[in-house]
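Participant: Single-letter residue listing:
2 protein chains.
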Amino acid sequence: MVVSKSWTMVKHFVGAPKPEDFKLIEKELPPLKDGEVLLESEFLSVDPYMRPYSRQKKEGDVMIGSQVARVIESKNSSFPVGGYYAAYSGWTTHFISDGQGLNALPASWPKSLPKSLALGTVGMPGLTAYFGLLELCQPKEGEVVLVNCAAGAVGSVVGQIAKIKGCKVVGSAGSDEKVKYLKEIGFDVAFNYKTVDSLEEELKKASPEGYDSYFENVGGKFADAAIPQMNTFGRIAVCGAISQYNDDVPPLGPYIQTYMIFKQLRMEGFLVHRWTNRYEEGQKQLLQWVSEGKLKYHEHVTNGFENMPAGFIGMLQGENIGKAIIKV
Amino acid sequence: MVVSKSWTMVKHFVGAPKPEDFKLIEKELPPLKDGEVLLESEFLSVDPYMRPYSRQKKEGDVMIGSQVARVIESKNSSFPVGGYYAAYSGWTTHFISDGQGLNALPASWPKSLPKSLALGTVGMPGLTAYFGLLELCQPKEGEVVLVNCAAGAVGSVVGQIAKIKGCKVVGSAGSDEKVKYLKEIGFDVAFNYKTVDSLEEELKKASPEGYDSYFENVGGKFADAAIPQMNTFGRIAVCGAISQYNDDVPPLGPYIQTYMIFKQLRMEGFLVHRWTNRYEEGQKQLLQWVSEGKLKYHEHVTNGFENMPAGFIGMLQGENIGKAIIKV
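Protein chains in written order, with our numbering: chain U, 1 to 328; chain V, 1 to 328.
Treat the hints with care, as some may be off.
[Stated by the list, open to error] Here are the computed lysine-lysine pairs in the DSS-like style, where the Cα-Cα straight-line distance is at most 30 Å: (1) Lys57/V to Lys204/U; (2) Lys140/V to Lys263/U; (3) Lys263/V to Lys18/U; (4) Lys57/U to Lys18/V; (5) Lys263/V to Lys11/U; (6) Lys11/V to Lys33/V; (7) Lys58/V to Lys204/U; (8) Lys221/U to Lys180/V; (9) Lys165/V to Lys263/U; (10) Lys205/V to Lys57/U; (11) Lys263/U to Lys205/V; (12) Lys57/U to Lys204/V; (13) Lys140/U to Lys263/V; (14) Lys263/U to Lys263/V; (15) Lys263/U to Lys75/V; (16) Lys194/U to Lys284/U.
[Stated by the list, open to error] Chain V regions said to be covered by chain U (calculated; three or more residues, Cβ under 8 Å): (17) 58 to 70; (18) 85 to 97; (19) 230 to 241; (20) 252 to 263.
Hints are computed from structural coordinates only; laboratory data are not their basis.
Note that the structure is a prediction, hence the values are computed from the model and not measured.
Yeah, the Cβ is synthetic: ideal placement off N, Cα and C, and Gly gets one too.
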């Protein structure tokens, strides 16, 4: 008999999530039926999207999220014991599946790479960067790309892909350590938005020639400073608005319509699942870049399933460089 | 010897333009040189864009704008006496040209149509509606299109093209008379935004199924109410932001990034001249629709060049149904 542990959301978050918003529960899993497999989590993901999307769950539900899990018992020959799969199965240590929603890691996965990358650079965040940047920003060689939350799971991939495509890349992050990391992975300019005197001036200094693409993870005051510095026909991919996820009512900022018109800007919000049918292509490319050393990764690992809420809260507060991962 | 009258902008506008911001000047034009033609204005255009673009001119300069003018003297066989041309030659009654920038009215122009349409439905405003709607909103049959300033020179064409394309069209305007006009020209729903209790509720009532395309001429509080009602993958073409043209500092409104993301909205600002190389195609189509009676037009004519500032000020205040025109 296997006992599964899960983290539930006791009540909907108000403002920043707090430790007491979560509760650990245990549940005995039933014996497998024919066609089913039992999986055990090795790595779980904590991501910013969980904050706004938790609204769609009921209080008391298990928290949403992805994990990399290993088959430990199988009554389905398509999913043999020992196989690794990414699955959107929530904050839970064990779960039973009939195979639906289990995504095998790419066959070409090198032994040298941690499987947790399937939750990061070669997983949803990497694909978010890949499609969001290439499809919506369409960066061209020699152009300037701006990305914020640049040391995060998505931002760090955005900047590196933009470099691969021959762009000048400017990134902002929330600590000097992160800024150092961004320079190490090839950003042309990086700055700590928390310590600059003026975000506007810093952006001007970083690229006096303006910005052609802007990959938005933050919104709010960062957008206020960045949008007026976009070049004509600039593209803005709106991936996240982490500065606003804890607000119940959208805060106020200057209207952007006049900039949109006179600079002829295009701004598009997106969710990565619109490219589901192209994930394989994206994963293959990302994995190749990682294997070739062109795309570097960093993981911020929290050990212990019992520490998952702390890992989530810390990620939302920007503790992580690169992808925030929970190792069971 | 011909005396040309022109309206200059005495000083940059502060807030709404006022009569004392303009000054009428007279100038004797020199004799024509070889290759030159002398044109006399018949119709002049007053448009919202003149308010923000006046900032690019110096105080004392002649006001910017287009007109339809007739050649009254010619030393250039390509531009014979009697020919009609649209030209971006400012608020002036007479001007000399070497032919550059003179755009002949389409050869297929029916005798029954006023030549002033080359400043409206078959001119820049019509082309703005045509390309902005079709290229950026890409409306599909059965979808819902929202347009504000719907009784204006651009909005009235947007709504009618959307109807030609098989959409449901909702328009807002600033008087009951305008609302009546919108219903006459085929809008499915039209309302007076000045008299509704709640813009949000009115938009919900007009289209409980939400909006797929939104052709934006106004910005500000209208956008606040409309953007949250966009459907997934909705398209917003930002043509104008007339609610903000008189503000020196952009006013504040709720950030839209979260709506952009979760509804995967695309918002694009534009200036019609990006399609300059396709004007001929657009004009031909617009002229055909007008000739067939599928595209109706209305002109708000101010008589007398001396009344041009009043016509401009009135247009900015929304006095006009359809295109505001000055008849010399």
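Participant: Now look at each hint and say whether the structure bears it out.
Facilitator: Results for each hint:
1. Distance hint between Lys57/V and Lys204/U is fulfilled; the C-alpha atoms sit about 26 Å from each other, no more than 30 Å.
2. Annotation: proposed proximity of Lys140/V to Lys263/U holds, straight-line Cα distance about 27 Å (limit 30 Å).
3. With a C-alpha separation of about 28 Å, the suggested pairing of Lys263/V with Lys18/U holds against the 30 Å cut-off.
4. Restraint check for Lys57/U and Lys18/V: not satisfied, since their Cα atoms lie roughly 56 Å apart, outside the 30 Å limit.
5. With a C-alpha separation of about 25 Å, the suggested pairing of Lys263/V with Lys11/U holds against the 30 Å cut-off.
6. Proposed proximity of Lys11/V and Lys33/V is contradicted: the alpha carbons are some 34 Å apart, above 30 Å.
7. For the hint linking Lys58/V to Lys204/U, the alpha-carbon distance of about 27 Å falls within 30 Å, and the restraint holds.
8. As the CA atoms of Lys221/U and Lys180/V are separated by approximately 42 Å, the hinted pair breaks the 30 Å bound.
9. A threshold of 30 Å between alpha carbons decides the hint, and for Lys165/V with Lys263/U the separation of about 29 Å falls inside it, so the pair holds.
10. Our distance criterion of 30 Å between C-alpha atoms is met by Lys205/V and Lys57/U, whose separation comes to about 29 Å.
11. The suggested pairing of Lys263/U with Lys205/V is violated, with an alpha-carbon distance near 34 Å, which exceeds 30 Å.
12. A threshold of 30 Å between alpha carbons decides the hint, and for Lys57/U with Lys204/V the separation of about 26 Å falls inside it, so the pair holds.
13. At roughly 27 Å between alpha-carbon atoms, Lys140/U and Lys263/V fall within 30 Å of each other, so this suggested pair holds.
14. Straight-line distance between C-alpha atoms of Lys263/U and Lys263/V comes to about 24 Å, which keeps the hinted pair within the 30 Å bound.
15. Between Lys263/U and Lys75/V the CA atoms are separated by roughly 40 Å; this puts the pair beyond 30 Å, and the hint is violated.
16. With a C-alpha separation of about 36 Å, the suggested pair Lys194/U and Lys284/U falls outside the 30 Å cut-off, and the hint is violated.
17. Three residues within the 8 Å Cβ limit are the bar, and the region 58 to 70 of chain V against chain U gives 0, so the coverage statement is violated.
18. Coverage of the region 85 to 97 of chain V by chain U is violated. Counting CB-CB distances below 8 Å, 0 residues qualify, and the rule asks for three or more.
19. Counting residues of the region 230 to 241 of chain V whose beta-carbon sits less than 8 Å from any beta-carbon of chain U gives 4, enough to reach three: the coverage restraint holds.
20. For the region 252 to 263 of chain V, the assignment as covered by chain U holds, since 12 residues bring a beta-carbon within under 8 Å of that chain's beta-carbons and 3 suffice.
Violation of the numbered hints given earlier is confined to hints 4, 6, 8, 11, 15, 16, 17, 18; the remaining hints are satisfied by the structure.
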